[in-house]
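Sequences and hints are given; from them, build the entire structure.
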Amino acid sequence: MGHMDHFSAGWVTPVLSYAMACVGSALGLRCTVRALEAEGASKRNWLTLASFAIGSGIWTMHFVAMMGFSVEGTPIRYDIPLTVLSLVMAIAVVSAGIFTAGYGRSRVQAVLLGGLGTGLGVAAMHYTGMAALNLHGSVGFDPLMVIASVAIAVVAATAALTLSLVVRGPVLATLSALVMGLAVSSMHYTAMFAVTVNLKPSSAELPGATATEFLFPLAVLLGSFLFLASAYVALSPTGKRHESAVAAELLREVELTTA
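Take any residue in the sequence shown, count from 1 to its spot, add 12: that is its number in this note's numbering.
Hints were generated in silico from the structure; no laboratory data involved. C-beta: ideal position from N, C-alpha, C; glycine also. Heads up, a few of these hints could be off.
Quick list of the computed label-pair ranges, beta carbon to beta carbon [said to hold, decoys possible]:
| no. | residue 1 | residue 2 | range |
| --- | --- | --- | --- |
| 1 | ALA50 | GLY85 | 20 to 30 Å |
| 2 | ALA216 | ARG56 | 31 to 41 Å |
| 3 | MET16 | GLU217 | 35 to 45 Å |
| 4 | GLY152 | VAL96 | 17 to 27 Å |
| 5 | ASN57 | LEU187 | 22 to 32 Å |
| 6 | PRO219 | ALA163 | 32 to 42 Å |
Right under this line is the structure:
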């Protein structure tokens with residue numbers, strides 16, 4: 013059994029990864045609200061930007077955190093096609109959830125389905141990214157911890173979507189992003205504690221790229237995209253009156269559902 017260290021780079025990787033998750037979440041949730049104000053092509057564009065923001069945000073969070081992951085007795089390499097696939101999968105599955113939330117006739121049903129899709133997107137990205145690991149040995153998972161990690165992602169993503177549609181004001185909007193960022197980070201570390209590594213010592217060269225060679229440059233690129241997109245959204249005009257109508261509609265539907 014290989015000894016694993018999830019914080020080999022200290023607290024830099026978990027703190028930075030959480031920050032990236034929060035930035036992606038804040039941007040994605042904000043774009044989702046903007047989409048509910050819009051119609052036609054504008055609505056589609058906002059939802060697309062939301063999907064890219066959340067998808068790339070959770071991917072960046074995962075692989076920044078993975079830069080602090082090491083296994084004693086073996087180097088670690090990353091399969092490039094599988095790593096890229098994990099990014100594409102994150103965006104695609106999150107997109108399904110976000111578009112469901114954006115076009116759903118019932119706000120309550122849309123939020124539930126959107127949270128489910130977004131949470132499953134987080135999980136799909138994570139486990140595809142883990143499949144990209146190359147090391148001298150095999151990687152296994154504790155099934156119960158895997159289920160727990162997926163449940164955390166779905167429940168917290170649903171809560172974040174609900175907050176983003178109901179709350180108003182910069183403080184509460186920030187809270188919704190922090191909840192979503194916490195969902196992604198909690199899911200990641202819960203899933204990582206489900207990992208077991210059985211070492212098979214070897215001197216053979218491992219295929220793939222190191223984290224510094226491949227993950228770091230791509231994470232910087234995606235991080236730059238998130239910050240630039242956040243600036244664009246922050247500077248674009250908002251429809252405050254329509255936002256209040258959206259929140260009131262959601263609250264009425266919740267009351268009717270629970271009545």
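Status of each hint after checking the structure:
For the hinted restraint 20 to 30 Å between ALA50 and GLY85, the CB-CB distance of approximately 54 Å leaves it violated. Taking 31 to 41 Å as the suggested C-beta distance range, the pair ALA216 and ARG56 does not conform, at roughly 49 Å. Between MET16 and GLU217 the C-beta distance comes to about 22 Å, which lies outside the given range of 35 to 45 Å. At roughly 24 Å, the beta-carbon separation of GLY152 and VAL96 lies within the given 17 to 27 Å, and the hint holds.
Between ASN57 and LEU187 the CB atoms are about 26 Å apart, so this pair conforms to the stated range of 22 to 32 Å. Taken as a hint, the range 32 to 42 Å holds for the pair PRO219 and ALA163, whose Cβ atoms sit roughly 34 Å apart.
Checked against the numbered hints above, the structure breaks hints 1, 2 and 3 and satisfies the rest.
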